[in-house]
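Note that the protein sequences, when read in sequence, are chains A and B. Quick note: the first sequence, position 194, residue 194 per the numbering used here, numbers continuous. Quick note: the second sequence, position 54, residue 1054 per the numbering used here, numbers continuous.
Honestly, I wouldn't trust all of these hints.
Said to hold, decoys possible - Below are the BS3-like pairs computed for lysine-lysine, each with C-alpha atoms no more than 30 Å apart in a straight line:
id: 1; chain 1: B; residue 1: Lys1005; chain 2: A; residue 2: Lys207
id: 2; chain 1: A; residue 1: Lys381; chain 2: A; residue 2: Lys427
id: 3; chain 1: B; residue 1: Lys1005; chain 2: A; residue 2: Lys326
id: 4; chain 1: A; residue 1: Lys20; chain 2: A; residue 2: Lys533
id: 5; chain 1: A; residue 1: Lys225; chain 2: B; residue 2: Lys1035
id: 6; chain 1: A; residue 1: Lys584; chain 2: A; residue 2: Lys121
id: 7; chain 1: B; residue 1: Lys1035; chain 2: A; residue 2: Lys228
id: 8; chain 1: A; residue 1: Lys457; chain 2: A; residue 2: Lys257
id: 9; chain 1: A; residue 1: Lys364; chain 2: A; residue 2: Lys207
id: 10; chain 1: A; residue 1: Lys228; chain 2: B; residue 2: Lys1067
id: 11; chain 1: B; residue 1: Lys1168; chain 2: A; residue 2: Lys326
id: 12; chain 1: B; residue 1: Lys1005; chain 2: A; residue 2: Lys470
id: 13; chain 1: B; residue 1: Lys1035; chain 2: A; residue 2: Lys153
Simulated from the structure, these hints should not be mistaken for lab results. Everything numeric in this text was worked out from a predicted model, so none of it was measured.
Residues per chain are reported as follows:
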Amino acid sequence: MALFQITEPGQSSPSEPQEKQLAAGIDLGTTNSLVATVRGDEAETLADEQGDALLPSIVRYLEDGATEVGTSAKNSQLDDIDNTISSAKRLLGRGVGDLKTLGGALPYKFATSDSSVPQIKTIAGNVTAIEVSAEILKTLKWRTEDALGGELKGVVITVPAYFDDAQRQATKDAARLADLNVFRLLNEPTAAAVAYGLDQEEELDEKIIAVYDLGGGTFDISILKLNKGVFEVMATGGDSALGGDDFDHVIAEWILKESNSDLTHHAMSEARRVKEALTSSDEVSVALGDWKSSLSRSQFDEMVEPLVKSTLLACRRALRDADLSKEQVHDVVMVGGSTRMPIVREKVGVFFDKPPLVNIDPDKVVAIGAALQADVLAGNKPDAEMLLLDVIPLSLGLETYGGLVEKVIARNTTIPITRAQEFTTFKDNQTAMTVHILQGERETVEENRSLAKFALKGIPPMVAGAARIKVTFQVDADGLLNVEAEEETTGVKSNIEVKPSYGLSDNEIEGMIRDSMDNAQADMEARRLREQKVEADRTLEALDSAMKSDADKMLNADEMKLLLEAREQLQTIKDSSEDAEEVKTAIKHMEKVAEFYVARRMDDNVKTAMQGQNVSDFADKDNQKR
Amino acid sequence: MLDFKQSYFKLFGLAEEFEIDFTKLGSAFRELQAKYHPDRFINADDNERLAAVQTTGLINEANETLKSSRLRARYLLKLAGVEFDDEIDTTSDGAFLMHQMEMREALEEVSSANDPLARIDDIAQEISGEADALKDDFVEQLEAGNLDAAKEAVLKMKFFERLCQESKSLTEKLEDALF
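Could you build all of it, start to finish, from the sequences and the hints given here?
Take a look at the structure:
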C-alpha cells in the first residue's frame, strides 16, 4: 500500500490541504498497542503490512542489540523467554520496591543496579520498562510516518485514568526516548468518550457519558459531562485488580474441578478459548486431556456474575462521587476486549437502563479518540470547540507530624490546578524541613505512594510555629506535578520537578535489591521447574497424540507396554517433583525409550510423502510446539 | 491575559454574594477554559505555555472554591478582610459540639436499627436541614456586618461537611451490601 503513495519529500499529498499537520493518537496498552490518525474527516487505526492494527506490546532483545517488536517478538516468546519483554506497562513508573508485588507475574529476570528503577536483564544488556515502551512507540511512529508519508508533528498518548504521577512521567519519558513530541497525555476513558461523543450531534445542551472499560487486568469507570464540545471528567473509579483474566480464572477453576485435573496451564488457555467462543455461541465443548464436557452461556453467566456485579458496584461509587444518579447518564460507552462478553453488555445495560454503545471496536476506541484529540491539538481543526478537562485520579498530599498525610489536592479535582498550603516548624530553631509528597487516598504515609522527598534548608532560627512555609502544588494538563516550597518570612525557596523517589533511602533500596537478588535465585529455580514441567507436558501430549493416531498399527503389545510404562514414570515425576533437573532427566529418558517409535513414524511419513500424500500431520514433537 | 487580582466571583461574571447561579458559573467556567486552556497553546513558547497552566490552574481553583458552599462562604469572608485557617481555628460553641457528637453517635448506631436505610435517610435529612439553616445564618450575619458571627458559621460548616461525608459513605456501604 505504502508503495503507491510516493510523494516528494516534504510535499503533502494533493488531496490534503497544504497546512495539514501530521498527528496521531497512540494507545500504549499492556497487552496490545495501537495507533490511529485522522484522514479526511474520519479517525482510523493504522495497520501493519499484514493488516493487523493491534501491535502486541512485546519487545524481544537480540544479542546484537537489535529488537523485534510485536507479533514476531510474541511468536518467539516461548523460545526466548528471558529476552522477550511483555507487559512492560505494568512496570512503568514502578520502583524496585514494587517488584515484590509485581514480579511474581512477570516472567523475565531483573538485574541489580544503583537505580531505583527496575532493570530487566536481557542478552543485549539491562533495559528499563521505559526503554521497552519506547521501542513500541518507535514502531508505531514508523508505521504512521510510512502510512502518512511525512514526519509526525506530535502525538497524544493515552494512559489509564488511575495512573499516578510517576507512571505518567515514565510514559512521557518513553515518548521522549522514541523521539516523539507529546502534545498531551490523555486518560483512556476520556479518549473513548471523545471517540463516541463527537460522533453524535444531538440537541442536548449537556449530556453525561459513562465509560465502562474492562481490560485484561483492570476495570475502570469514568463519568464525564459533555457540554458544547467541552468534555469534563466528573469522577473516575474502578478496580485495578479486576479484569477479563479473572473471568478466565473462573472457567479454569471449573474445568480443573470438573476434570479432577491439575493441568493449570492448559486449563487457563482452554478457559480463554471457551470464554471467547461463548461470545458468539450458546454452548461450547470443553476438553482437558482425556476429559470432555461442555459449558453453556447461562452456566458461564452464573459463574461470573459476582465479577460483573463488582464492576457495577464501582459504577455506583463513581456516580456517587459525581453526585449523579444512573438515570442522568445519557450514554454508556464500552471499552476493552472484555466488554465483548454478552453477560457484561447485558448487565451494564440493565444497570444503566439503556443499551451500551458498542459500534466502535472496543479494542480501537481509545486510539481513535486520541487521534481526534491529536488532530485538534495539531491545529488542523481551528473551528473545533473540543476541549478536554481531565481530573487528577488520586489525591496529592504532604507528610505531616506522626506519619500522617494531609491532602492538598483531592482526587477528581479538575487539572491543571495550582494550590498552596501553609505549614510551620514544630521545634524551636528548626532550620530545615523535609517536604515529602505523597499520592493516594489513605491516611498514613506507608499506605500511600511516595512521589518525592526534598529538603527546604536555610529557614532562619525562630520559635516553633513562627515560620510560615508555603508549599505550592502545580499539576499540569498531563497530570504531572511540580512542587515549590517557600519560607514566606524570608523568601527561602526550594523548587523541584517531581521525579519518583518511591520514598526509599539508599540503604533501603540496597537492602531491597539484595532481597530481590535472593529471591531472584529462588524465582529462577521455580521458573526452571515450571519450564521443565511444561516441556514434560508437551512430550506427554506428543506421545499421546501419536499413539492415538497409529499405535495400533505400528506397535506390538510389548512395545506399547514399554512406552506406557515410560509415560507413567514421566507423568509421576512431573506431578510430584520439585527439582527441574529431575524432570529434565525424566523427559530425556522418555524420549530415549520412544526413539524407535519416532524413527518408525518418520519412516512411515516419508513413505506417505513419496506416495504424494499430505505430510502436514507429521507428528514430530517439535511440530507440536505452540 | 487574565486579571489574577480580581475576585473569583468577578472572574466568572458573578456578583460577590453567597447565593450564586450555578448554570452561569458552569458556562462562564467553560468559556474561560476554552480560551486559556494549555491545549490552546500547544505550539506556543515555554513562557506562554506556563502562563496557560497557571491561568487555568487559577480558573479551576476559583471554580472549586465557588462550587462548595463552605469554601464560597470562607472566600466571601476573605474578601471582607477576615482570613483564617480552619484546619487550626475551630468553634468553641459547647452546645453545638455536643449536638454534633449526638448526631455522630446516631450515625454509628444506624446499622443496628430496624431499617438502617430508612434511619440513615432520616438522619441525612436532619443534617442537610441544619446545614441549610447554617447557610442562612451565615448570609444574615455577613449582610449585617457581623463578621465574627459569620466566621463562626463557616467554622461550623466544616463539621457539617464531615457529617455529610460520613452519612454518605455509610449510605454507600449499606446500599452496596444490599446491591
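Structure-based check of each hint:
1. With a C-alpha separation of about 34 Å, the suggested pair Lys1005(B) and Lys207(A) falls outside the 30 Å cut-off, and the hint is violated.
2. At most 30 Å may separate the alpha-carbon atoms for a hinted pair to count; Lys381(A) and Lys427(A) exceed this at roughly 57 Å.
3. At roughly 40 Å between alpha-carbon atoms, Lys1005(B) and Lys326(A) are farther apart than 30 Å, so this suggested pair is violated.
4. Note on Lys20(A) and Lys533(A): the hinted pairing is violated, with a Cα-Cα distance of about 56 Å set against a maximum of 30 Å.
5. With a CA separation close to 19 Å, the supplied pair Lys225(A) and Lys1035(B) stays within the 30 Å bound.
6. Distance restraint check for Lys584(A) and Lys121(A): the Cα-Cα separation of roughly 25 Å lies within the 30 Å cut-off, and the hinted pair is therefore satisfied.
7. With a C-alpha separation of about 14 Å, the suggested pair Lys1035(B) and Lys228(A) falls inside the 30 Å cut-off, and the hint holds.
8. For the hint linking Lys457(A) to Lys257(A), the alpha-carbon distance of about 63 Å lies beyond 30 Å, and the restraint is violated.
9. Only pairs whose Cα atoms come within 30 Å are accepted, and Lys364(A) paired with Lys207(A) is accepted, the gap being roughly 23 Å.
10. As the CA atoms of Lys228(A) and Lys1067(B) are separated by approximately 20 Å, the hinted pair is consistent with the 30 Å bound.
11. Our distance criterion of 30 Å between C-alpha atoms is met by Lys1168(B) and Lys326(A), whose separation comes to about 17 Å.
12. For the hint linking Lys1005(B) to Lys470(A), the alpha-carbon distance of about 19 Å falls within 30 Å, and the restraint holds.
13. Simply put, Lys1035(B) and Lys153(A) have alpha-carbon atoms about 23 Å apart, close enough for the 30 Å limit, and the pair holds.
When each numbered hint is compared with the structure, violations occur for hints 1, 2, 3, 4, 8.
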